[in-house]
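S.K.: For the protein sequence lines, the chains are A and B, in the order given.
Letter by letter, the first sequence follows residues 22 to 370 of the numbering used here.
Letter by letter, the second sequence follows residues 22 to 370 of the numbering used here.
Put simply, identical chains are the same to the list, so a pair is met inside one copy or across any two.
Derived DMTMM-like pairs: lysine to aspartate or glutamate, alpha-carbon spacing no greater than 25 Å straight-line:
| no. | residue 1 | residue 2 |
| --- | --- | --- |
| 1 | Lys222 | Asp238 |
| 2 | Lys261 | Glu288 |
| 3 | Lys144 | Glu133 |
| 4 | Lys177 | Asp313 |
| 5 | Lys144 | Glu320 |
| 6 | Lys272 | Glu88 |
| 7 | Lys249 | Asp89 |
Just so you know, the hints here were simulated from the structure itself, not pulled from any lab data.
Number of protein chains: 2
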Amino acid sequence: MSSFEVPEVSNKQVIFKNYVVGKVNDSDLEIRTSQLRLELPEDGTNDVLVKNLYLSPDPYMRSRMKEDYTSYVPPFTPGKPIDGYGVSKVVLSKNPAFKEGDYVTSFTRWEEYSVIPGGNGLKVIDTSESVPLSYYVGCLGMPGFTAYVGLYEILKPKQGETIYVSAASGAVGQLVGQLAKLAGLYVVGSAGSQQKIDLLKEKLGYDVAFNYKQETDYNAALKKYCPKGIDMYFENVGGKMLEAVLDNMNKFGRIAVCGLISQYEKENSDGIHNLSRLISARITMRGFLQADHANLQPEFLQKMLGYLKEKKFVYIEDIDEGLESAVGAFVKLLSGGNVGKQILKVATD
Amino acid sequence: MSSFEVPEVSNKQVIFKNYVVGKVNDSDLEIRTSQLRLELPEDGTNDVLVKNLYLSPDPYMRSRMKEDYTSYVPPFTPGKPIDGYGVSKVVLSKNPAFKEGDYVTSFTRWEEYSVIPGGNGLKVIDTSESVPLSYYVGCLGMPGFTAYVGLYEILKPKQGETIYVSAASGAVGQLVGQLAKLAGLYVVGSAGSQQKIDLLKEKLGYDVAFNYKQETDYNAALKKYCPKGIDMYFENVGGKMLEAVLDNMNKFGRIAVCGLISQYEKENSDGIHNLSRLISARITMRGFLQADHANLQPEFLQKMLGYLKEKKFVYIEDIDEGLESAVGAFVKLLSGGNVGKQILKVATD
Numbered sequence: 022m023s024s025f026e027v028p029e030v031s032n033k034q035v036i037f038k039n040y041v042v043g044k045v046n047d048s049d050l051e052i053r054t055s056q057l058r059l060e061l062p063e064d065g066t067n068d069v070l071v072k073n074l075y076l077s078p079d080p081y082m083r084s085r086m087k088e089d090y091t092s093y094v095p096p097f098t099p100g101k102p103i104d105g106y107g108v109s110k111v112v113l114s115k116n117p118a119f120k121e122g123d124y125v126t127s128f129t130r131w132e133e134y135s136v137i138p139g140g141n142g143l144k145v146i147d148t149s150e151s152v153p154l155s156y157y158v159g160c161l162g163m164p165g166f167t168a169y170v171g172l173y174e175i176l177k178p179k180q181g182e183t184i185y186v187s188a189a190s191g192a193v194g195q196l197v198g199q200l201a202k203l204a205g206l207y208v209v210g211s212a213g214s215q216q217k218i219d220l221l222k223e224k225l226g227y228d229v230a231f232n233y234k235q236e237t238d239y240n241a242a243l244k245k246y247c248p249k250g251i252d253m254y255f256e257n258v259g260g261k262m263l264e265a266v267l268d269n270m271n272k273f274g275r276i277a278v279c280g281l282i283s284q285y286e287k288e289n290s291d292g293i294h295n296l297s298r299l300i301s302a303r304i305t306m307r308g309f310l311q312a313d314h315a316n317l318q319p320e321f322l323q324k325m326l327g328y329l330k331e332k333k334f335v336y337i338e339d340i341d342e343g344l345e346s347a348v349g350a351f352v353k354l355l356s357g358g359n360v361g362k363q364i365l366k367v368a369t370d
Numbered sequence: 022m023s024s025f026e027v028p029e030v031s032n033k034q035v036i037f038k039n040y041v042v043g044k045v046n047d048s049d050l051e052i053r054t055s056q057l058r059l060e061l062p063e064d065g066t067n068d069v070l071v072k073n074l075y076l077s078p079d080p081y082m083r084s085r086m087k088e089d090y091t092s093y094v095p096p097f098t099p100g101k102p103i104d105g106y107g108v109s110k111v112v113l114s115k116n117p118a119f120k121e122g123d124y125v126t127s128f129t130r131w132e133e134y135s136v137i138p139g140g141n142g143l144k145v146i147d148t149s150e151s152v153p154l155s156y157y158v159g160c161l162g163m164p165g166f167t168a169y170v171g172l173y174e175i176l177k178p179k180q181g182e183t184i185y186v187s188a189a190s191g192a193v194g195q196l197v198g199q200l201a202k203l204a205g206l207y208v209v210g211s212a213g214s215q216q217k218i219d220l221l222k223e224k225l226g227y228d229v230a231f232n233y234k235q236e237t238d239y240n241a242a243l244k245k246y247c248p249k250g251i252d253m254y255f256e257n258v259g260g261k262m263l264e265a266v267l268d269n270m271n272k273f274g275r276i277a278v279c280g281l282i283s284q285y286e287k288e289n290s291d292g293i294h295n296l297s298r299l300i301s302a303r304i305t306m307r308g309f310l311q312a313d314h315a316n317l318q319p320e321f322l323q324k325m326l327g328y329l330k331e332k333k334f335v336y337i338e339d340i341d342e343g344l345e346s347a348v349g350a351f352v353k354l355l356s357g358g359n360v361g362k363q364i365l366k367v368a369t370d
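Chain A on its own, in the form it takes in the complex:
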């Protein structure tokens, strides 16, 4: 095909401007529009061109805005679009594993159309399951798998124990609570608004929940809501909440360290002063990433699809529409303004 025959599309992108210290502002990201030629090289690189349908703003992405971030993914590159989990539709494919029209989960860029080199990381979605596509970046995607791994692999719950979950109505927390309830636990959560607390207690299966912005003496709140002490903590926030949890943990308590969202935007993170509790209560504290447990993916997906069909859990999403809403959605997520899993719907199909 010669170049003048190749169709072009307008491609809006969310550009990462520069490394951020402190609070992320709208001005740290920028929407830019360029033209994209809908073509792929014939050089055997197996690239796939996708149209992005749903993008997933996730708290861990805040860490990637730091210049000195070292983890399993590198920091974002200034001047380039940010990247993250998504659900996309294949437009063109040079990779025999994917064909035009396939719906796929992806690690893609925040833009309308992306070329995925080699088709790396794409997985075809079985649309016969009749599950909303956005769930594949939520309860059936990375956040869901994080909840699954954290609860079953890291915390290893025993029936009758008390679990406490912070950021409990978030993408991960809402699932941890419901899975914990299915495992026969006493489930306690905290979140930052009355609306979220109502959700936790009325829809998400939490036995009790409290608003940490109102009950600011965390120690007293945990004593009140966890009358038998805390056996397991699903840690999403860090800081002063972690100190209060340590003080209220039962002997042989376990902490799954999933995220520390209260700390990501602090220039100097809070110091934790009572790690001596690790010894006196013989606590195990373990940081984890879902990506290390990929061998559990098939059983996870099968189990969660089963639960969904049996209506054993619900999943609350907070969907913003259009790539031009991306910056606002991300900033909202970091300040806890979202109710349920934050989703960015980029296109209908």
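Following the hints, put chain B in place on chain A, whose structure we already have.
M.R.: Relative to chain A, chain B alone:
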């Protein structure tokens, strides 16, 4: 027996005066002498009267000087003798499990003679093993078992890994290093004097060791001495050292939290600011107490006695003599002035 026939002995005691905040001083403990009648009640309480031969000043005892200490042992009682591990000789016994002349390990009081209610916690020492009696409060006692449990049960070493041990020449650390070497690890230690560093490298099997009072940039020191990063940390000190270790831990690193001696005498303990490393490096941090693993005691004793006979490890002691040296020995221990396991020899036999 009527009372005038009962022999009396003079009984020096180390009295705990009151709860201590900050540094322990000589004046926080007091030597008092009382008279003790060498008799036991005939009321079926199975008491045992022992003469204390060796007492064991241990860092955890500092925690018991705090009024709000909550753990598996209560705080000391003001006005009463302090208690701790010891090796004693049975003088009188109403308990059929012990007879006069038996050497026993004990949880006893810091005094010359003690009545052990019901003989609780006493264990007869098999003197046919020809091991110095003081070793039963050292490499064959609580510190030895702490090293054993921490290394094998908590850290679970794999050949070729790097282990770093703080307070490396202390009662526990010197054994961790030698056992780690037997397990095929690269063994790095730190301590607070040149004399200790020489010991570590020349006698205690450490591959490298550094003086944390001279190399005060802990981060740089750990980078230098652990060129392949740290896979396991046997934590005895806490504070800034823990932060530096977290920054230098390899993926899937493990931390056995045994003690935090740098923190015990601080009114406000240091905050740990980089727990985000738990996530990015997927670190497991686990507090432990040897007492929870009592089922391993028989295999521990058998293995360590075997190693001792085969001269597979050495054990360095720092022995002070006489109960009147007790206060000085304890204060010395807390400031790191001891070289090797601090022992208080109360009587020869």
